[in-house]
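Student: One letter stands for each residue in the lines below.
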Amino acid sequence: MSLHRTVVTWAALFALAIAIGAGTAYASHRLGCYKYADASINWYNGGTGTYYYIFQEEAVTDSDSWHNYTDIDLTTVTSLGTTDHFSTYNGWYGENGWLGIADFISVAGDGCTVLYGRARLNQSYLDGTYSRTQKEHIACHEIGHLLGLAHLNDNSETCMANSQDRNTPQPDEHDQELINSIY
Amino acid sequence: MSFSRRNFWIGALIVLAAGITTGRLAAGHFFPYQEVHKTAASWKEIYNSPQGLSRGVDAVVLATVAEVVPGRTATSENGEDSLSFELVELDVVRGLKGMKAGGRITLERAAETESGFFLDMDGGPFEIGETYLLFLQRQEDGDYFYQVNHQGRFRVANDRLLAADPEDPVAARFHRRPVAQGLEMVRAGLRGRTRG
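Chains A and B, in that order, give the protein sequences. First residue of the first sequence: 0, per numbering that gives the first Met the number 0; consecutive thereafter. First residue of the second sequence: 0, per numbering that gives the first Met the number 0; consecutive thereafter.
Isolated chain A (complex conformation) (with noise of 0.2 Å):
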């Protein structure tokens, strides 16, 4: 092959190659690039009543929590963070759409980093018609998103997927390969 041509075509290669390492820094099939530093994240359960141990199932005690059923290791912390940190909340927060909301901050070098996260149960719905086993999907799927998962829109049985019976409280098998590949 003649010098030109392949160096043009080695340039090409560049350039496409640049984008496309730029483009996978940030993108991929997860929830963006989101995740905490590593797999030891401290979480603060500030839920009430029934909601504490809602939570409390959800993060870490099930045998298919977070915890038990990932590589995440959830250390319960007795104060809020403000690093390496997520906290769990249930409040009255009226009729607004969204039995639960999670949402982080992410600050460190890579714009990726989580530095700390909030979910948060919605008792105005939940406290209504739903039973415990959907409060715990909810609070399930919650903590999925902080900890880097996106929605399923598809009937998979995890409590990421974005059906409606809201009857599986834990994550699936593929939740569980795509946290630990993440950390």
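Rather than coming from a laboratory, the hints here were simulated on the basis of the structure. These numbers come from a predicted model, not from an experiment. Treat the hints with care, as some may be off.
Some but not every residue of chain B turned toward chain A, in silico, with C-beta under 10 Å [what the hints assert, rightly or not]: (1) K37; (2) I45; (3) T74; (4) R108; (5) T112; (6) Y143.
Computed footprint of chain A on chain B, listed as stretches where at least three residues anywhere in the stretch have a Cβ under 8 Å from a Cβ of chain A [claimed, not checked]: (7) 4–13; (8) 130–140; (9) 144–158.
Idealized CB from N, CA, C, for every residue including glycine.
Position chain B against the provided structure of chain A, taking the given hints into account.
Tutor: Quick look at chain B alone, frame taken from chain A:
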């Protein structure tokens, strides 16, 4: 100077690997302290089709944002965390369901955490003067509406609908369509026919 086919491909692989590495490093170098605040929600209602969405809500409107004012603050049960809400005043341009053109509606949405971060699970803050196609529910305990979920907001730009969440399969059916076509999809859904 010429290259054998083998050397060409070896060189190509090296160039590819170097390029990907350079791209990843450059992305981290040029945007080193990119502050990101991300929100996700479990919505009470999720729809599987434009027809279901149109039929399931109390109101479907094309409306322009007139004003956004602070609303209530809700505190967690343990008192340690709070969320601020805002009220979005909208002038109805076209009422497809539940409202007529010329009216004004108030939409309530969770807007900000106590740390001052804007919530964006519904598409984020509304922009005053912008027009949106909205799928709304009416609050049972108040005078306000709320956006049904992440599927229920489309900003009008250059006479096209831009979904708040274009990755959602139902919102994607409306995304980037001309406004007239999107409105016709809603009407068809309300009549019992789907299109597009």
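Student: Are 3 or more residues of the region 144–158 of chain B near chain A, judged by a Cβ distance of less than 8 Å?
Tutor: Holds, because 4 residues of the region 144–158 of chain B bring their Cβ atoms closer than 8 Å to Cβ atoms of chain A.
Student: Hey, does the B:Y143 contact hint survive, CB to chain A under 10 Å?
Tutor: holds (9 Å)
Student: Does the nearest C-beta of chain A fall within a distance shorter than 10 Å of the C-beta of B:I45?
Tutor: Holds, because the Cβ-Cβ distance from B:I45 to chain A comes to roughly 5 Å (cut-off 10 Å).
Student: Report holds or violated for the interface hint on B:K37, using the least CB-CB distance to chain A and a cut-off of 10 Å.
Tutor: holds (6 Å)
Student: Restraint: B:T74 near chain A, CB-CB cut 10 Å. Satisfied or not?
Tutor: The hint holds - B:T74 has a Cβ within 10 Å of chain A, the shortest such distance being about 6 Å.
Student: Hint B:R108 vs chain A: min CB-CB distance below 10 Å?
Tutor: holds (6 Å)
Student: So is the region 130–140 of chain B in contact with chain A by the C-beta rule, three or more residues under 8 Å, or is the coverage claim wrong?
Tutor: Contact hint for the region 130–140 of chain B vs chain A: holds, 4 residues under 8 Å.
Student: Using the nearest Cβ pair, does B:T112 come within less than 10 Å of chain A?
Tutor: The hint holds - B:T112 has a Cβ within 10 Å of chain A, the shortest such distance being about 6 Å.
Student: Do three or more residues from the region 4–13 of chain B put their C-beta atoms closer than 8 Å to C-beta atoms of chain A?
Tutor: Three-residue rule met by the region 4–13 of chain B, so holds; n is 4.
Consistency with the previously given hints is maintained throughout, with no hint failing.
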